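Engineer: Next come the chains, spelled out residue by residue.
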Amino acid sequence: MLRMRSFLPPLLFTIAYAALSLGVTNSYYQLILTLVPVWAVFGLSWNLLSGYTGLISFGHAAFFGIGAYATALGQIYFDISPWLLIPIAAVLGGIAGLLIGFPTFRLQGHYFALAMLAYPLAILYVFEWLGFQEVTLPIKRDAPIAYMQFADPRIYTLLGLAIMLATIVLTQFIERSRFGMALLAIKQNEAAAEAAGINTLAWKLRAITLSGAIAAAIGGFYAQVLLVVTPQSVFGMLVSAQALTVAMFGGVGTVWGPVIGSVILIPLAEILHAEAGARFPGIQGVIFGFAIVCVILLAPEGLFWKLRDLLRKRIAPKAPASDLPETSAANVTTLKPAPRQRAATGEVMLEVRNLSRSFGGLKAVQDVSFKLHQNEILGIIGPNGAGKTTLFNLLNGFLKPSEGEVLIDGRNMSGQRPHVICEAGIGRTFQVMRPFLRMSILDNVVVGAYVRARSDDEARKLAADAVARVGLSAVADRVAGELSTKELRLMELARAIAGQPRILLLDETLAGLGHGEADEVVAVIQQLARDGMTIAIIEHTMQAMVRLVDRFVVLDHGAVITEGLPEVVTRDNRVIEAYLGKKWVGHAAN
Amino acid sequence: MRTTSKIRITRRTLLAGASGTLIASRAWAQQPSEVKVGLLVPISGIYARPGTVMRQGAEMAVEHINAQGGVKALGGAKLKLVVLDSGDTTEKAKNAAQRMVAQESDLVAASGAYLSSFTLAVTEVTERANLPVLTLSYSDLITDRGFKYVFQTSATAASQARQALPQIIKLAETASGKRPKTVAILTDNTAASIASAKSMREGLLAENQLQLIVDETFTPPLADATSLVQKIRSAKPDLLFFLPTVISDAKLLLEKMNEFGLGQGKVPTISFGIAIAEPDMLQTVSPELLQGVLTCVASWGAKGHEALIAELKTRYKEPWMTQNAISTYGDMWVIKDALEKAGKADRVAVGEALRTMDAGPSKYYPLGEIKFDQKGRRVGAGMTIVQWQSGVPVTVFPPELALAKPFWPKS
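As they're listed, the protein sequences go chains A and B.
Okay, so the first sequence: first residue is 1 according to UniProt numbering, each after it adds one.
Okay, so the second sequence: first residue is 1 according to UniProt numbering, each after it adds one.
Possibly wrong hints are sitting among the right ones.
[To be verified] The calculated lysine to aspartate or glutamate pairs, modelled on EDC-like cross-linking and capped at a C-alpha distance of 16 Å, are: (1) A:K140 with B:E63; (2) B:K231 with B:D215; (3) B:K371 with B:D358; (4) B:K181 with B:E207; (5) B:K313 with B:E352; (6) A:K140 with B:E127.
[Stated by the list, open to error] If you want the ones that stay clear, here's a sample from chain A, every Cβ over 12 Å from chain B, calculated: (7) A115; (8) E128; (9) F132; (10) E134; (11) R141; (12) A151; (13) E270; (14) G360; (15) G410; (16) N412; (17) R434; (18) S473; (19) E563; (20) L565.
For the record, the hints were derived by calculation from the structure and aren't laboratory data.
What you are looking at is a predicted structure, and each value in this text was computed from that prediction instead of being measured.
Note that the Cβ used here is the ideal one computed from N, Cα and C, for glycine as well.
Start from the sequences, fold in the hints, and give me the full structure.
Structural biologist: See below:
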């Protein structure tokens with residue numbers, strides 16, 4: 001149902017475009033109509049990697065050029081038909097993606113972008129050195145159709161459209177699947193994605209492979225349309241820039257962005273070139289550049305998102321009236337604070353033995369040992385800088401311990417990658433919230449569900465279930481950008497429990513909440529514990545914790561200073577000293 | 001004749017945009033006394049300068065033809081130049097070509113498109129539209145594809161190298177009294193340079209008993225020429241073939257040669273192509289450094305073109321007439337001759353006329369005839385050797401076209 005509905009707009013768009021192009025008889029307009037889907041597909045391939053993962057590639061021309069040259073050289077030297085060569089080009093592009101991605105994904109941010117820039121430039125010189133400065137596709141007068149050489153240029157447009165439709169549908173499918181969710185999660189916060197059980201490197205490699213394959217395929221088709229291949233025309237900087245331009249103009253991270261960008265920019269550039277350029281040579285570049293600058297200033301995320309935001313604002317005024325009452329009602333009904341039996345004596349779920357981690361000379365965590373029992377709520381407290389978050393990072397694999405072990409169900413898991421530890425049943429939330437602002441609550445939570453779910457449907461079910469458990473069902477369809485801090489905290493909690501962990505690590509979940517709000521969140525956590533969850537929670541505010549936890553571990557300067565029941569720990573002199581300083585110890589005793 | 005001067009530039013004309021040009025071009029087409037000829041060259045982007053010079057040559061030719069009574073076989077019909085911008089990429093060149101054949105359907109022939117990669121892409125389009133195209137591009141590939149509507153007026157790259165070497169050797173022998181034996185090649189890796197260097201390496205040098213002792217290929221732009229020049233200095237070749245495309249590379253190398261005491265003819269330097277003889281060279285390199293540098297080009301302002309050279313100077317402030325101007329000037333005359341022969345303003349007929357024409361010795365291209373072989377290459381196409389003398393590159397070879405005597409740098 002959802003799939004069908006999303007499949008309809010691209011299909012209608014393609015049919016309308018095809019109808020338009022069939023009605024055009026001027027061969028120049030036909031060529032422009034062919035180039036629009038070509039650059040749209042190239043933009044989509046870039047979007048698949050860079051739009052969804054946020055890792056900007058300045059070097060997509062590498063794949064495009066490999067496809068173009070494979071298609072051209074295959075015809076010249078092996079007399080293979082482009083019908084076969086374009087799929088071959090896609091395979092080569094995919095392999096290139098894998099080979100390029102594997103070393104380059106070690107880099108992040110700007111470093112990744114700059115490293116990607118190098119590949120097409122390097123390959124460009126290789127092709128020049130090989131003597132392929134100018135390659136022309138041979139004319140096949142006897143079997144034109146077998147060699148994709150049509151007398152009627154409209155057929156090229158239709159072929160280009162077919163590739164575009166296939167790419168759109170593929171992108172939409174990916175967008176909605178575990179694949180797309182993983183990529184979006186990587187874009188928002190790669191660390192959080194790893195913690196949610198996503199093997200980020202594997203997904204990124206899949207994305208660049210697929211992206212490279214699509215770019216190479218459309219590069220091959222482009223060679224077929226242009227009939228002449230030169231290193232500059234397929235590996236050049238302008239080619240890589242073309243992908244960025246159409247995607248960023250239209251909107252990054254959406255299937256429609258590159259399509260919108262291409263539909264507007266490619267004909268615009270040509271019209272300017274043909275009309276303004278004939279009178280003032282060079283003016284076309286100035287106007288084109290100015291138009292792009294304006295769009296980037298007015299709609300930094302691209303036209304698509306700008307229009308969508310405007311549209312949402314139009315519709316928005318009606319929505320809250322119907323939504324709000326339900327929300328509060330839902331919160332009240334589901335969250336009934338109830339007493340709970342303290343269970344601190346069950347089976348040991350997680351054991352930490354002599355864990356240490358130093359950063360240079362600073363010993364952030366020293367020789368920490370404790371046990372987490374089944375169905376227990378363990379509070380890890382300590383003043384700022386005590387090493388609480390570092391401890392969590394050691395537990396879930398962000399950091400490798402310098403010494404010591406982390407045993408989960410008796411198995412030593414220290415030094416494992418975060419997504420592996422997540423699969424072993426440990427979920428976590430973050431002190432600094434990292435919601436996916438443009439996605440709905442439910443979609444945010446689905447990301448966390450994939451670690452357990454085998455299918456997309458199962459993931460949705462698990463996510464809906466998790467959303468219900470934190471009491472956000474009524475607002476599940478709202479985008480995260482509209483939520484309050486409390487709702488975001490609950491949503492993060494839902495994302496962590498959607499993966500059905502047995503142990504939940506909560507990092508300052510109560511931070512930044514008002515008094516009443518904190519109580520609501522506490523109630524949710526208590527309910528989770530009643531349902532059998534084992535929880536470790538970090539806080540530096542003691543007040544809410546005393547009512548919530550079964551047992552405390554107190555850290556100061558990276559070491560455990562004491563552990564025990566809340567009533568005992570709060571009266572411990574060492575704890576008071578750590579929190580308040582020596583002179584308060586005497587006061588506290590009174 | 002320029003399109004820019006036809007239309008007064010106001011905000012309204014800018015806004016009128018597309019429709020204006022379309023309507024205007026239809027209106028002209030209806031006048032039976034005009035025949036439209038296309039010129040598809042880069043007039044924007046990094047190749048705008050040579051493209052503009054080509055346009056100047058074409059404009060001058062069209063004016064001269066019309067002043068002398070137009071196409072007589074068509075009742076004195078005037079030629080009308082339609083200029084299209086090929087831009088600075090292969091894709092833009094192809095788009096412009098498609099626009100040319102789609103929207104200027106009454107063109108009878110065209111000239112273009114400067115870079116051989118542009119010409120290759122453009123002729124893929126014009127061939128399918130049966131539009132004859134004359135080109136000054138050298139690449140052998142252009143006329144190796146079995147096309148019927150492309151005519152190469154320059155000697156191809158391979159043929160140029162073949163022609164040039166014996167002449168250079170003869171020049172050296174007569175001037176210095178001894179035959180050169182060793183050569184060095186310094187070339188950038190652009191298509192035209194590679195083609196020239198390749199044919200020299202693969203046989204031509206050996207045929208002329210020359211030994212290749214330094215062979216270096218670089219990627220423009222050069223950051224530093226020191227290592228290249230050091231190799232030249234230690235090898236001491238009798239001749240240096242230097243094939244740059246980018247002016248800054250030429251400047252860098254010539255300056256470095258001078259710095260190392262190899263400049264101003266100590267090692268005779270011979271280039272291929274127009275880059276080293278462009279007027280822009282003088283803006284960055286001093287005439288003393290250039291003195292004596294030779295270059296082999298497909299065509300150049302030469303003996304018999306004095307009036308044209310003078311007109312180009314006064315009209316467009318161009319210091320001398322490069323290949324781009326004179327070749328494109330000649331293209332218009334060849335198209336005019338073909339129109340006379342065809343007797344009708346029809347592209348297929350003009351194409352047929354070009355294939356079968358035999359208009360005698362060439363006046364504007366060096367040597368040979370106005371006649372094309374089966375591939376579309378001009379029969380007997382010669383070339384010119386140009387030498388920098390007192391700040392001007394002048395034609396010194398072949399003798400029948402030379403405007404000055406060559407001098408061989410004294411070592």
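Engineer: If a hint holds in the structure, say so; if it does not, say that too.
Structural biologist: Here is what the structure says about each hint:
no. : hint               : result
1   : A:K140 with B:E63  : 41 Å, violated
2   : B:K231 with B:D215 : 9 Å, holds
3   : B:K371 with B:D358 : 5 Å, holds
4   : B:K181 with B:E207 : 12 Å, holds
5   : B:K313 with B:E352 : 36 Å, violated
6   : A:K140 with B:E127 : 14 Å, holds
7   : A115               : 20 Å, holds
8   : E128               : 5 Å, violated
9   : F132               : 10 Å, violated
10  : E134               : 5 Å, violated
11  : R141               : 9 Å, violated
12  : A151               : 8 Å, violated
13  : E270               : 6 Å, violated
14  : G360               : 40 Å, holds
15  : G410               : 61 Å, holds
16  : N412               : 54 Å, holds
17  : R434               : 42 Å, holds
18  : S473               : 53 Å, holds
19  : E563               : 65 Å, holds
20  : L565               : 72 Å, holds
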